[in-house]
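Number of protein chains: 2
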Amino acid sequence: MDLDFQKAGGLVPAIIQDQRTGDVLMLGFMNLEAFTQTLSTGEVVFFSRSRNKPWKKGETSGHVLRVLELRVDCDADALLVRVEPVGPGVCHEGYRSCFFREVNAEGRATVIAERTFAPEKVYSKEKSQ
Amino acid sequence: MDLDFQKAGGLVPAIIQDQRTGDVLMLGFMNLEAFTQTLSTGEVVFFSRSRNKPWKKGETSGHVLRVLELRVDCDADALLVRVEPVGPGVCHEGYRSCFFREVNAEGRATVIAERTFAPEKVYSKEKSQ
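Protein chains in written order, with my numbering: chain C, 1 to 129; chain B, 1 to 129.
Chain C on its own, in the form it takes in the complex (with noise of 0.2 Å):
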């Protein structure tokens, strides 16, 4: 099976989901290297746009991403990542998800979740997930 990685530049977007509660926890893109890995390693890689690189999910914070089930679309250009996370959150600002605002009608976000760590006690000066 062939990804189709041209549509976005050399990646294809991954949403990342709890398989055991279904709540959508991050998105993130991988380019080839990063699929790859993502496959054989049974843990979730990325490629960081910011950083330019592969970036193995909880690399600092130990919140690995094990991966339990992959799926693609229809067009082949975005993955569908079922995962056990491991940790209390996958988010850097100390979230179980990244998804942690709710926007209404007017475009103003708010809070809807709870902190579950402290990101401060988890990750080094340089921001990192």
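Any given hint might turn out to be false.
Identical copies carry no separate label here, and so any pair may be met within one copy or between two of them.
Said to hold, decoys possible - In silico DSBU-like pairs for lysine-lysine, Cα to Cα no more than 30 Å straight-line:
#, residue 1, residue 2
1, K56, K121
2, K7, K56
3, K7, K121
4, K53, K121
5, K53, K7
FYI, nobody ran anything at the bench for these hints, they're computed from the structure. This structure is a prediction, so every number in the text was calculated from the model and none was measured.
Given the coordinates of chain C, work out where chain B should sit on it, guided by the hints.
Just chain B now, with coordinates in the frame of chain C:
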């Protein structure tokens, strides 16, 4: 709340999740115009990268996506749209979810879902969702 449209060339990925079942149905992209229309109409509007213009999901099929809750991630560069999907499925290939194939560790894809409708009866010749 300002979305960061810069990281993906004027677009943000938008994950569509069925609020009732928790299933991830598809992933699309929105530009500012599509996002604004989604907020104001309460039904999902994407930006079509292939047609290079906004397109309302369901404009051909009637399978619109009613927005029940909209969330934004920590970096404001991805959206999670929790919806009530109208109709038997969102995928132009006739499945309830576009993620109807599982990928194994060798990278081989297998269909894991049943078709829920006949796409040729729903869509016109031109591929449209």
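Status of each hint after checking the structure:
no.: 1; hint: K56 - K121; result: within (19 Å within a copy, 44 Å between copies)
no.: 2; hint: K7 - K56; result: both (23 Å within a copy, 20 Å between copies)
no.: 3; hint: K7 - K121; result: between (38 Å within a copy, 28 Å between copies)
no.: 4; hint: K53 - K121; result: within (25 Å within a copy, 45 Å between copies)
no.: 5; hint: K53 - K7; result: both (19 Å within a copy, 15 Å between copies)
Checked against the numbered hints above, the structure violates none of them.
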